[in-house]
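Peer 1: Using the hints, put the two standalone chains together into the complex.
Taken in sequence, the protein lines are chains A and B.
Quick note on numbering: the first sequence equals residues 1 to 560 in my numbering.
Quick note on numbering: the second sequence equals residues 1 to 322 in my numbering.
It is worth saying that the hints were derived from the structure and are not from the lab.
In this text, a Cβ means the ideal position worked out from N, Cα and C, and glycines have one as well.
Treat the hints loosely; a few may be bogus.
[Claimed, not checked] Computed spacing ranges between beta-carbons, pair by pair: (1) A:T451 - B:M132: 52 to 60 Å; (2) A:P292 - B:D10: 23 to 31 Å; (3) B:G83 - A:E457: 38 to 46 Å; (4) B:K73 - A:G294: 28 to 36 Å; (5) B:E309 - A:D105: 41 to 49 Å.
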Amino acid sequence: MQRHDVVVVGAGLAGQRAALAAVEAGRDVALVSKLHPLRSHSGAAQGGINAAISKEDSVESHIYDTVKGSDYLGDQDAIEFFCERAGPIVVEMEHYGTIFNRAPDGSLARRAFGGAGFPRTIYAADRTGLALLQALWERLGTEDFTLYEEWDLTQLVVREGRVQGIVAFDRRSGQFEEIASSSVVIATGPFGRIYPKTTNAHTCTGDGTAVAYAAGAQLKDMEFVQFHPTALLETGILITEGARGEGGILKNALGERFMSKYAPHVLELASRDVVSRAIVTEVAEGRGFSGPYGGYVHLELMHLGKEKVLSRLQEIVDFSRHFAGIDPVTEPIPVYPAQHYMMGGISTDRHGQASIPGLFAAGEAACVSIHGANRLGANSLLETLVFGKEAGDAAAAHATKAPAPKMPASDLEAAVAPLRAWSSRPDGEDPSALRTEMQQIMGQYVGIYRTEAELLEGLKRLRAVKARFQRIRVVDQSKAYNLNLTDALETGHMLELAETIVVGAYARTESRGAHFRTDYPKRDDARWMKHTIATRSDAGPVLTYTPVAYTRWEPKERVY
Amino acid sequence: MSETIDAQFDVYRFDPAKDARPHYATYRLALPAHTPVLSALLQIRAETDPSLTLRYSCRSAICGSCAMQVNSKSRLACETQIGPEMERHGRIVVEPMRNQAVLRDLVVDQSPFWRQYQQIAPHLILDPTRPMPEGRETPMTPEQVDRFKETPRCIACAACYSACPAVEADPAFPGPMALAKLYRFVVDPRDTATQDRLVRIQTEGLWLCLRCHLCTEACPKDVRPSERIRDLKELAIGAQGGTENGSRHAIGFKENIREGGLLNELKLVRQTSGVGGMVAQLPQGLRIWRKKPEITKKPPRIEGADEVEKIYEALDRPKEGS
Chain A
1 MQRHDVVVVG
11 AGLAGQRAAL
21 AAVEAGRDVA
31 LVSKLHPLRS
41 HSGAAQGGIN
51 AAISKEDSVE
61 SHIYDTVKGS
71 DYLGDQDAIE
81 FFCERAGPIV
91 VEMEHYGTIF
101 NRAPDGSLAR
111 RAFGGAGFPR
121 TIYAADRTGL
131 ALLQALWERL
141 GTEDFTLYEE
151 WDLTQLVVRE
161 GRVQGIVAFD
171 RRSGQFEEIA
181 SSSVVIATGP
191 FGRIYPKTTN
201 AHTCTGDGTA
211 VAYAAGAQLK
221 DMEFVQFHPT
231 ALLETGILIT
241 EGARGEGGIL
251 KNALGERFMS
261 KYAPHVLELA
271 SRDVVSRAIV
281 TEVAEGRGFS
291 GPYGGYVHLE
301 LMHLGKEKVL
311 SRLQEIVDFS
321 RHFAGIDPVT
331 EPIPVYPAQH
341 YMMGGISTDR
351 HGQASIPGLF
361 AAGEAACVSI
371 HGANRLGANS
381 LLETLVFGKE
391 AGDAAAAHAT
401 KAPAPKMPAS
411 DLEAAVAPLR
421 AWSSRPDGED
431 PSALRTEMQQ
441 IMGQYVGIYR
451 TEAELLEGLK
461 RLRAVKARFQ
471 RIRVVDQSKA
481 YNLNLTDALE
491 TGHMLELAET
501 IVVGAYARTE
511 SRGAHFRTDY
521 PKRDDARWMK
531 HTIATRSDAG
541 PVLTYTPVAY
551 TRWEPKERVY
Chain B
1 MSETIDAQFD
11 VYRFDPAKDA
21 RPHYATYRLA
31 LPAHTPVLSA
41 LLQIRAETDP
51 SLTLRYSCRS
61 AICGSCAMQV
71 NSKSRLACET
81 QIGPEMERHG
91 RIVVEPMRNQ
101 AVLRDLVVDQ
111 SPFWRQYQQI
121 APHLILDPTR
131 PMPEGRETPM
141 TPEQVDRFKE
151 TPRCIACAAC
161 YSACPAVEAD
171 PAFPGPMALA
181 KLYRFVVDPR
191 DTATQDRLVR
201 IQTEGLWLCL
211 RCHLCTEACP
221 KDVRPSERIR
231 DLKELAIGAQ
241 GGTENGSRHA
251 IGFKENIREG
261 GLLNELKLVR
271 QTSGVGGMVA
281 QLPQGLRIWR
291 KKPEITKKPP
301 RIEGADEVEK
311 IYEALDRPKE
321 GS
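Excised from the complex, chain B in its bound form (with noise of 0.2 Å):
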């Protein structure tokens, strides 16, 4: 058993029906370092302040409904633990997550989160002409079954969500959930609109993830979402090739920082957009151009661009193994 320490809670409160603003709590409990927020939480609602309200339930990570803020980090409450924390910040803040509109205390609306993942369509889409073994299961070998990686671990706590600022600047970003969960049915050898899907997610907000990797830092399952939307990336220009301004964008700049180891910014607006896009972003173009005139010029050749292009070689190699 861990050493006790005295640990303050500072809870975020807000009864829409009731208060004008939100409120912090503070509680004070001596605990054993190693109790988890949740249960800290649970002994407030059952000594303190029956009013305290937040999700919870399986107390073991894997029911994924006590996601909340500790410290400013999206996280399950019920695996993380109150010594640690009280060492890094000298307190515990804990309030609801972000992206979701909060219901009471540290109860947020999740239906946007679940319609993002309704949208992805999670389930097997199968062809008509090609059924399933009649009365025996799909042959996969454990080579198929790898290539899910951590995707089936998901629990859908939307820790991934309330870390994502794509999803809080643009509500048709799907969020790294619903984008693993795609990448899921992706590889699976089962389903027969990998094409489909792949196509269609490279209009319906696939691109615009900024690549920040706070989902892989909240994701208490390793699930990795920032590395499965990567995966669909590469998926999606395998199967469609740069036809769209996210992937064009990709590979254009691939392509454009290899001939001289410096980015060619004006190439790179027409590699992403083509002419037509170029003339249509002509005003934002002009005022570039005036702060910073050498945008038209090709940059130079860099020293050592004859490595560059080794780099380029190198990861250009197919991979041992695969």
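The shape of chain A in the complex, shown without the other chains (with noise of 0.2 Å):
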């Protein structure tokens, strides 16, 4: 059995940005990751990072905007702590070495994105999470931690009503392990996965949200799931919002710039809940255009010049040439959304501090929330580090106080049988299968558009896969890189997670940011601004409800 202060588990932004927060608080530090921490999923992020740097823009602004963003479901308390630490961390990922783009005057360039009221997006070509993850993978490895490099996170160890630590698979020697902490921090990132056409990488199955559920932890408006406007159709692959902050346009198959319907005043640029339902709409109503992978609208940037497209927007345009055989330099790119960000999460307050005792969350696994019930462009690479540092730091500072951790070899054992039963049972069911079933439900069920009746049908569909995984079978009998069980663990963390999203969304009767009801699609507030918080039973989640916190922005519609 392994031991240590504080087990960081996730090596993305968030959970690195904890463990030098930690590491530099004096703990022994542990970092868990199923992938070498450079391939985290932060580095796919592309368009840049929220911070009122510039002299023109203000504090108050940002916060603003993100309140309004959020449909006044985020709490303002804690968006008026994030939006005031933004200026001092990125500076500090300055000097720790991220290569932005500069602005001829040396300064940090910025550049318009969704829903902001001011420029204030700072950002490395359309690779600022790439840029971020190495500078601070490299500073990090200037300190002295123990990494777990391409461990499974299998479950949290709570007695006494506390954090004990987790057990993992290490996926080399193929043998579960223990590690012994009274601080763990959960750090997994999202859970996109859940649904059939995600931006999120395969990896992104939210296994440390699954596991802190399933060991009792609160999880928070897990209704609502951010689709971005613009994925290429077939592989749902991102294409950034910057290509609309650099002057982007988006297309219906008449040739109308249809956003200037839906967001007379910013267009392109309205939040993304909005632009995402007004694609939708458009193909639906049939001005969209149609193919093989069905319907679409074209995002245009073909006006921009290829000098500015190849400079600003690289990877876009590698992206558009290799996975859709487009090149946006002359042609448009067709888009489509597809599922992109979740709000929701493990239920934490500003420091991270989860619902149990030792638990710490931070970033997209978590949730503050500061998010509400849509998230803005570039609003996420600054929570993993704003929230990464306060999750690290207060880990650390419970690690000093907490009694020893205890965990008896009998934790391994129980935690480890009912997963051997899944490689020796003779025939049972196949976790890709229902991997793929459970997308399938998701995407026809519970989408940007939901109902009651479609919302109860998909929950029906749904346990009855869930049923289905108690006879989960591994195949694969080799223990060195055993993926079947991989597949398996992923399958059964998201299957949880997804009944927490339809529930949630099912007694939620109104629309508000992302989650939209056809049959209640006002926003009511006097029933309904309060955040969800489900916690797990045999029955399936329990729901609860939590007020929002107010300070000073009275809710308004929400106009762009």
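Peer 2: Below you can see the structure in the form of structure tokens.
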């Protein structure tokens, strides 16, 4: 058994930032990840990171945009805390070595982004996540900590009402191991693979969120699922909002710049939920293009000129060429919305503290909440750093005062025994097949537009798949790199989380941000200005509600 | 949508715990021609054989997980389409990357690759007497950002490492990725260890590069590692002059040919290794002399040697705009 002061699970930006904070606080830190840290999905973030650093801009304006973008479901005190820390933490990343684009005067260059009243998105071409991930990993590499690379998280051990450590599976050796720790930070990122079409990597399966939920942690606002307006049609590969920030426009099959109907003031730069619904509506009403991969609209960059497109949107050019056979310098890009971001996650306070003592969470795995019902573009990279640091600091502080963790050997046996059954069954359900069924259910019944009847049908079907998961079978009998076992673990995790999304969406009889009920098309502040809390029970998620924190901004109708 | 083709995949399979030796498993799938190799492999995992083992994550050429050999070229499986491969080779042979031990099927041990990357000190080294501006960014012009060239695009996929014959020949060679990463720190105006980095790398493998450019051919992100290695060599000579065999060889080569248009091989040995080095290499020299006695003679001045001189003069003139 291993033992550390602080265990961070997930090594993207949030996990690495948490690990750095805990190491700097003098703790013995373990960083556990199913991928090499440089392969984390943070590296796929394209457009940029928000910070009001310009003299003409203000933190106040960033706070307001975020509150409005959240459709007034974000906690305003947390949003203030978040935006106030943006400038310093971006400058810190610059000092760690991040190569950002620069303005002619040598300052950090900025671009426009959706839902923002000022161009405050700092960027590194269209690979801002990669630039930050490299710089942070290289900075963290100068410190002393233990990396558990290619380990799958299988259990969070909670006893006597507090965290005692984790159980994880070392892919290389094929062994299950315990890591005892009184402080565990979950930073395992998103779970977009619940959906059939997503911008998320194959590995975004919400392992940490699911394992925390199974151990009794509260999840918050799970029904709020962001669909990015512009993904490549067949694959769901992301085309950054930066493409529209640089002047890209959307057109339907009639050649109309249709966003003028939906967001007359800011057109393509309305917030993501608004643009995604507009595209779906255009296609549904027969004004889209159609092809073998379904309906779509055009994203045009041709008018920006070759030089600008090639210098600011280099990766987009490559993606379009390689994955869609399109040259954006001369042709429009066919796009359609795809699942992109989970506003919901492990419920935490602004210091990453979750509902179980010793459990912390940060980044997309967590829900503070600052994004409320809809996240603004370029606020998620910022979230990873601000709350990664907070969670790392808090976990380090907790480790000094918490009693030593207790993990008897029976814990490991109890955690592993059910998984052994998966491999010893002579027959049973196939993890890949169940995963595909779950994705199809979520795509069909729990998408951008939702109704009571569809959600009920989705829930019924999802629970049927969940029941079949009880008879999951792992065929591969080898120890090293048994991805078949990983498939099964991930599918089990996603099924639990998918259920909380559907149940939350069914209960919320209003439309707010990314959650749109065609049977309840209006926001209902009187009844629904509150966070959904989901807690696990054997019969399914139990929902309770907590109030939204207000400071200064009265809810108004959201117009872009 | 492209036309559907019948594709044959011959996939390297090896589980060291069970198999005495590797074998190839053949899978046949009908797929659209633009299907990425990765999608095909995942389909095989989902429908035919869940024990097929590989690394993958983003499927959009940004995480660097799925580098492997496709028809003997180091590629990202996610951005290699099956159509052109079938057209050119009639089948798609999928193998693990080279220069790294196979752990299972297409999964290789990358720890030596990561170690080499750490060896070049891939982080800003700061001079405590020159602190960064407090509370604000270090000023950097767009021109300074341009000096990084394409190195920030590197996704550490190790395709270059797999393709590199110098890595195969000499474990002391840091490899193309690590050297491209070193270039990224050498040209960083914030870094204060430029001189030390350039001096150190001269004896830590810089001159072991064979200049074959296979890394540049393999790189999926256009980082062009071999060109960055060339840049590093120029900068290293600029920083230290010809103080090490590799740099003296490069300088000597240039001056040597300038004299009459042909290489004076004996002189090049002296230029590179000095008189002491010549003495040390005497046995080898004698062996060559027996086969090729003319090696001791100064080569004749070629016809048109004046033109050679003009080429040198043109090359030495400062480039426009630099």
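Peer 1: Now tell me if each hint is right for this structure.
Peer 2: A quick look at each hint next to the structure:
1. A:T451 - B:M132: 52 to 60 Å: For M132 of chain B against T451 of chain A, whose Cβ atoms are near 55 Å apart, the range 52 to 60 Å holds.
2. A:P292 - B:D10: 23 to 31 Å: Roughly 29 Å apart at Cβ, these two residues keep to the hinted range, so it holds.
3. B:G83 - A:E457: 38 to 46 Å: Given range 38 to 46 Å: holds, Cβ gap about 39 Å.
4. B:K73 - A:G294: 28 to 36 Å: holds, 34 Å
5. B:E309 - A:D105: 41 to 49 Å: Given a distance of about 45 Å, which is inside 41 to 49 Å, the answer is holds.
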